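Sequence order for the protein chains is A and B.
Under this note's numbering, the first residue of the first sequence is numbered 1, with each subsequent residue one higher.
Under this note's numbering, the first residue of the second sequence is numbered 1, with each subsequent residue one higher.
Everything labelled a hint here was simulated from the structure, so no lab data went into it.
Just so you know, these numbers come straight off a predicted model, no measurement behind them.
A couple of the hints might just be wrong.
Some chain A residues well away from chain B (every beta-carbon gap over 10 Å; in silico) [claimed, not checked]:
#1 15
#2 23
#3 64
Covered stretches of chain A (chain B as the covering partner; in silico rule of three or more C-beta atoms under 8 Å from a C-beta of chain B) [what the hints assert, rightly or not]:
#4 68–82
#5 96–106
#6 125–133
Think of the CB as a built atom: it goes at the ideal place given N, C-alpha and C, for glycine as much as any other residue.
Chain by chain, the residues run as shown.
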Amino acid sequence: MRRDLILRIVTKLVLPFILLFALYVHFHGDFGPGGGFQAGVIAAGMLILHSIVFGVRSTKHIAPQGLVEAMIPLGVLIYASVGIPALISGRNFLDYGVFDPHHTPHGHHLGILMVESGVLITVFSTMLAIFYAFSERGRS
Amino acid sequence: MIVLVMTVLLTLLAVITIVIIRQRSLFAVVILTGVYSFLMASVLIVLDAVDVAMTEASVGAGVSTVLLLATLYLTQSREYPQPRPAIIPLFVALGIGGALIAGTFGLPPFGSADTPIHNRTAPRYLAKSIEETTVPNVVTSVLADYRGYDTMGETVVIFTAGIGVLLLLLGRRRRYSSETGEEIQGE
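Chain B extracted, bound-state conformation (with noise of 0.2 Å):
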């Protein structure tokens, strides 16, 4: 059944990113997208990782969606075309792809038991989670607690990539701040 649900999801993944490489309407690609980090929720519930779902689903299909057509919103909507072939992007993308799938060879066979990953703190925090924290879930509690420094240091970097994008985006706010316009209101 799980395979089924895989092979469905994943088909649908491929379908989608080609529709989006040849797409030349970007309010197409945006929505496409969304559907893409959807689908992509949707795999990672079927691999039990919940809280990786969420996310994708409310920053990946949500925010990212509003950001990127808002964008839209400020430049054009449609894609020029590509003066000439692009060889040389090609076959950096073969390269990289080729050796990506390579190395997916050298890991370890998927949902194996046995690796260093699993073998190490794994089973302490899944062992005394409840007894330590008395947190039930155990993702929460290896991410808050013992692991708290390095969700600090995620924080931290949240932080300091808002202000390098609100810098880039309101260094100009000066200039305008005396003229009055419209402002966005949705499509």
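One chain only, chain A, in its complex shape (with noise of 0.2 Å):
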């Protein structure tokens, strides 16, 4: 796969579009169909993409094995912190409203914004977590 270069040409010219169409599903998922976990899936895939042309070794360079699979816990995590400002002030828990008193849609918008982030997080680092506990294996 090393001297492959047409397939090696044409990933480097496709893996930023890819990655650029994940943020826009991320992004656009309040307007368009995708969410947090499309975005994540595809932006993995990017990454995959990646270290099958390259080689797992100069993938590890990019996203390294520990961060990843500290970036598992990290999205549940956010995704729960979202929930305690509106406990603290004395609403329900996960409500957004308490972003934004004054136009409480809007502070709905950003708080569907920050959970995705955190689905989006989440499911990047598994699907990626996973790949790379796979190619660990074929060491043995």
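Hints in hand, dock the two standalone chains.
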């Protein structure tokens, strides 16, 4: 695979657009289909494609294994902590209205985006960590 | 038109399922599973469930195909033929399949609007989503706002599943840490 010129060049060209599409799916999830889950899978797919063409070792330079594994609980933590401010100000858990008390719908919009970011981080890192784990097994 | 498209897609799905069952080369099975997922995504697009179609295409055809290929890299890529015909599993499969088909006759007609699922909370979500959350995509507002607590549970499920698979796969990491070998670089 290392000398497969066309595959390497095309992959290099395509990778940023896949990442851009993942970000589009994430931030445009309020208006079109998609959301944090789909964006996380697409972003993980980008790095998996990178590691298939350029080798797992070079992908681990971009996304170190320890960082990816730490991001799995981080996403859940982000999701849960979005609900905390509402609890403190006496509302229900995960009531996003607290983020903009003057215009509640806007706060809801913001809360949805933050929560989806948590989903994105967990899904992305889970997919990638499992792939890393598989590639690790190949060494045995 | 939709009936024609659905007929073609579902026929292809059935054909691919039969080919997967009869195929002995696991590499071909993995690729055909990816094809199956893409066809399923097309079916879901025809049914106007674009969010689910997107998930099916990216998870079913994308990531899981790669993970199955990685599994093939670690094991063998040919299935051993069954030593003797499996009679009991055949009857179990036929029985469960028949029960499922019999169960579909109890469902309300496809696409009917007066079923309970369309008449309890769904109209309220549809009417109030933009007013309450400024989010036009009701799927997102139901998922992340009205049912935000459920989605948090789902995220925890992904977290738990990921940790479990990682423990299974990396449990023996230390024993091999001194050895260096090759890494996966595709087929």
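Evaluated hints:
1. 15: holds (14 Å)
2. 23: holds (14 Å)
3. 64: holds (15 Å)
4. 68–82: holds (count 7)
5. 96–106: Held - the stretch 96–106 of chain A has 4 residues with a Cβ nearer than 8 Å to chain B, which meets the minimum of three.
6. 125–133: Coverage by chain B holds here, the residue count being 7 at a Cβ distance below 8 Å.
Every hint, counting from the list given before, is met by this structure.
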